[in-house]
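Asker: Protein chains in written order, with this note's numbering: chain A, 1 to 317; chain H, 318 to 411; chain X, 412 to 523; chain Y, 524 to 1022.
Everything labelled a hint here was simulated from the structure, so no lab data went into it. Take these hints with a grain of salt, some might be off.
[Unchecked claim] Estimated spans, in silico, between C-beta atoms of each pair: (1) 327(H) / 94(A): 41 to 47 Å; (2) 735(Y) / 341(H): 41 to 47 Å; (3) 437(X) / 324(H): 53 to 59 Å; (4) 804(Y) / 502(X): 49 to 55 Å; (5) 245(A) / 802(Y): 56 to 62 Å; (6) 334(H) / 103(A): 33 to 39 Å; (7) 349(H) / 106(A): 39 to 45 Å; (8) 106(A) / 408(H): 55 to 61 Å; (9) 283(A) / 379(H): 46 to 52 Å; (10) 407(H) / 437(X): 17 to 23 Å; (11) 320(H) / 280(A): 40 to 46 Å.
[Said to hold, decoys possible] Straight line, CA to CA, 30 Å or less: simulated DSS-like cross-link-like pairs of lysine-lysine: (12) 75(A) / 187(A); (13) 174(A) / 899(Y); (14) 285(A) / 383(H); (15) 899(Y) / 983(Y); (16) 187(A) / 242(A); (17) 174(A) / 285(A); (18) 383(H) / 358(H); (19) 383(H) / 187(A); (20) 94(A) / 242(A); (21) 242(A) / 630(Y); (22) 94(A) / 75(A); (23) 75(A) / 383(H); (24) 285(A) / 75(A); (25) 586(Y) / 983(Y); (26) 187(A) / 174(A).
Every residue, glycine too, gets a C-beta built ideally from N, C-alpha and C.
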Amino acid sequence: MNLLSYLDVVLALLIVGVASTTIAARDLFAAVVGYVAYGLLLAFVWIRLYAPDVALTEAAVGSGVTGVLLITAGKRLGALKNAAPEVQPAFTFKLLTGMLAALVAGALAAAILLLPDPPPSLAPEAAAAADGAGAGLGNPITAVLMSYRSFDTMLEKMVLILAVVGVWSVGADKAWGSAPAELRQPKATAPMIFLAQMLAPVGVLIGIHIFWTGANAPGGAFQGGALLAAMWMVIMMAQLVKMPRVDAQWLRVVLVSGPAVFLIIGLAGEFTAGSFFAYPPSLAKPIILFIEAFMVLSIAAALPMLVAGPPSERSDP
Amino acid sequence: MTLLDLFSIAAIGVGTFFFFAGTVGLLRFPDSLTRLHALTKADNLGLGLVALGLLPRADSALSALKLIVIWALVLLSGSSTAQLIGRALRRGRK
Amino acid sequence: MTPSVLAGLVGASLVGLGLYGLILHPHPLRKLLAFNLIGNGVFLVFGIVARRGAAAGFRFDPVPQAMVITGIVVAFAASALAVALILRLSAEGNRVTLDPNAWTRPNDGDAK
Amino acid sequence: MAGLETTTPGGYLLVLAILLPLAGIVVSFTPGGRHAERIALYSTPFGFALALAIAFCVGRAGKPIVYTIGGLPPPLGIALRADGISAVMLIAAAVIVTAAAFYARAKFATPDGVRESRGPMTFWIMLQAIWAALAIIFVGGDLFNLYVALELLTFAAVPLVCIDGRPETLAAALRYLLFALFGSISYLLGVALFYGAHGTLDISLLAQRVQATPVVWTAASLMTAGLLAKTALFPVHLWLPPAHANAPAAASAVLSGLVVKGSFFLTLRLWFYVLPALPTDNIAAVLGWLGSAAVIVGSIIALRQARLKLLIAYSTVAQIGYLFLVFPLAAGAQTWSAIGWSAGLMQVLAHAFAKAAMFFSAGLLAEALGHDQIAKLGGAARALPLTFLTIALAGLSLMGLPPSGGFSAKWLMLQASIASGQWLWTIPILAGSLLAAGYVWRILAPALSEGQVSLESLPKRSQELIALALTIIALALGFAPQTFFDFLELGRPVVAGQS
């Protein structure tokens, strides 16, 4: 065992330890904070698994934006002062649940250890297709997301739209159309404004860079879009821009642009390349980048809207 | 071993020490403001020295620039959030 | 122990921990945290499968990794919907519970 | 590479059947308001025509029709396949979604004076989303693609439950969401293991490759557990009654009639299409026992309900139980397994139509009376004859009395269980019918009795007729000819030598 292996073991123990505290913590807020820390640690595991794209996504969406969502939720729940003491479940119930959980975890661990050797893989096929359907994209993950499994990616954008409508639908009837509650209340402070002014331009540039390099290197529409989303949230927290109204036409157009462009180009594939969701080989790379540009916009708009929650009556002018 | 290697080792070593000290401070200091103080030392000095030590080893001007940008970004967000946390603490005390 | 095997054990533990929390915690936000732990464990299994599938000059099989990216975004959307429901529910009363009967007003017979 | 699958004639219809409602969502979202309603309504005939065209193509080809998306065949690409059951389920979904859309026009019209309002906007978008998700589930050929479809279905169904915003509906929706999320993640874990074991997620490629290894068993169990939580099979049925009983009638009909069938359909796909080569006797028996328990427990709880919509929702729990008898009754390649298969699918269809009609009628009743307390229904049948005729006829199918689809289903189940020597299954089948007669009678008896009810409003005749039309389909299924059952067998992999 070399040094790296020891570090791996320490990382693994740390993750399981922090995850246990989020489950065991008595306090809701402590559990949430533990979860965010745990999410960042998890990004390291993804690096160790040679998955930089996933590590970026995990850090940006899985830990970052989810963290903002959960902390905002924890704060709003706390502000309501109604986190009534939880009823502790009976000991036998705890024991049985623990046994069930251990059984499932054990079976899963066994299954993972029993995975066949040599492992099956689509990597050779993906490599062989890299020049054709892979469209000359240097990043095989972008090729999978945007070409071989573009149908999944398009559907997942639809899921985001539905989630936005679902979150909005939870609001009150009379609030419909107005803006969600501000992320930060009551007033932005000077350091927050300073941070937003300094960070946002750089962050936007980096977001666009991550999306652009995603064709050939780790990165892509998801990670770039998530970074842009984070910057928008920072600007909104500093109250440099207002939370948009949910019936604003521009917001709806931006939200829907990713799946809409994807759908139109997918349909056009039948006529330009002989099959739905196929691209003409000579133009594949520019077309994919074109679709991804709109996906970045959609994601950058959808994530903050999902964090912000349903339209609120208080934010009415 | 060149002089640059020695420089790298020294800078990264000192940087790591600041991280260590910052972490000890975070765990041992009595209240939030002093813990914050320890943390910002680790962020600013520790990361700055590590980045400085890595600079000679960067394989291109672009990746050297990236290192500097990373440090500057952490400096920016670290100092701002420290301010925010500090203010929140002061509000809480009143 | 290779990183994949280690990550496999971490993944399995996360699924177990999450399942425990999901069943046991009465508070829906805690259940949501637990669900996210399970989700991460599942994604790690995909990650291991991808790492094991290294072949043909790739250090990983890109297909499962792409699936994880899709999965992470979907899981976030799910968390957002759940948080919206939890917050709205907590604004309605002084205890957040999943038991619909607890919310039914006495003498509530109408289906409107 | 030789032997890769290619698109068959008519395959493009499968993509269109999915993209039509998806395009509807995209186009509805931006202008919103009344446009969402119009787009949803106008797209229904096209969706129905597409479903019919797919059935026609499958029937003419005599085998499944296939579309490889992007011209990229599995394992790297995603294939869509429609066989007999896909085509029939697509038609059923088109009919029920269309009925729900026209039924819902009364409640979910955007009110005058506003450009857009919350309830209608949510309803029309989510209805199209449910349709799209079901279309993918019925024709999807890739397990991960089906996962995304399952999530799409969840995100569409949950907001419908709490569309009227009362706290109990929010609690029901949240509970439903947590169960559904657990279901999806458990399913996804199984998907990961399948990929790790066999390097593909395509259903027909997997079917050629799977062996009875511990990894495959773990994967299949996890996926089944997840799907059962989503289908609300006893004992994970707790989320269903409050969710289905509290949603508005048009949504309840779609949720009870179609949405739970989506995850059941995937359970069928898993065991009969992905794993036909495995010795599944024990699993089939477990599913059969759980189904039997659901029939008995669900019916008994239904008998004790005070509210009509809750009674109907518990009846769904019971009728779902019947579906799972298909696993022991259609296993393997015996002469009786074809009968069991027909019975299971007939139960899916008969329940979908009868239950949708039942919820539609219950909604009309609640609107007309201002409540849905069973004890206060005295004399209601005379005031609302058409609505109660629908309830009585739909009840006929739920009980399994001839002539009805429900009767055919239960009769075929009895035949299959006797022919296969598994006579034990006849007990829950018959007991369930008796109990169903009990709970249907509990609705009808007070309604037919003497009494005076005061009507707050009269139901719309068009809504009553929509409910009646669905009931008539449920009854007409009882006259399905043998060609219909042969059609259901199209594309079903049958492996000889298993029992």
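Asker: Given the proposed pairing of residue 187(A) with residue 242(A), does the C-alpha separation stay at or below 30 Å?
Answerer: holds, 12 Å
Asker: Please verify whether residue 285(A) and residue 383(H) have alpha carbons no more than 30 Å apart.
Answerer: Given pair residue 285(A), residue 383(H) holds - Cα atoms ~27 Å apart, limit 30 Å.
Asker: Mind checking the alpha carbons of residue 75(A) and residue 187(A) for me, to see if they're no more than 30 Å apart?
Answerer: With a Cα-Cα distance of about 16 Å, the restraint between residue 75(A) and residue 187(A) holds, given a limit of 30 Å.
Asker: Taking the Cβ atom of residue 437(X) and the Cβ atom of residue 324(H), is their distance within the range 53 to 59 Å?
Answerer: holds, 57 Å
Asker: Are residue 327(H) and residue 94(A) spaced within 41 to 47 Å by their CB atoms?
Answerer: violated, 53 Å
Asker: Mind checking the alpha carbons of residue 187(A) and residue 174(A) for me, to see if they're no more than 30 Å apart?
Answerer: holds, 25 Å
Asker: Do residue 320(H) and residue 280(A) keep their Cβ atoms within the hinted range of 40 to 46 Å?
Answerer: At roughly 56 Å between Cβ atoms, residue 280(A) and residue 320(H) fall outside 40 to 46 Å, so the hint is violated.
Asker: Within a Cα-Cα threshold of 30 Å, do residue 383(H) and residue 358(H) meet the stated pairing?
Answerer: holds, 22 Å
Asker: Does the Cβ pair residue 407(H), residue 437(X) satisfy 17 to 23 Å?
Answerer: The hint (17 to 23 Å, Cβ to Cβ) is violated, given that residue 407(H) and residue 437(X) are roughly 36 Å apart.
Asker: Straight-line Cα separation of residue 94(A) and residue 242(A) no greater than 30 Å?
Answerer: violated, 47 Å
Asker: Per the hint of 49 to 55 Å, is the separation of the Cβ atoms of residue 804(Y) and residue 502(X) within bounds?
Answerer: holds, 52 Å
Asker: Would the pair residue 75(A) and residue 383(H) pass a check requiring their Cα atoms to be no farther apart than 30 Å?
Answerer: violated, 35 Å
Hints 1, 2, 6, 8, 9, 10, 11, 13, 17, 19, 20, 21, 23, 24 and 25 from the earlier list are contradicted by this structure; the remaining hints agree with it.
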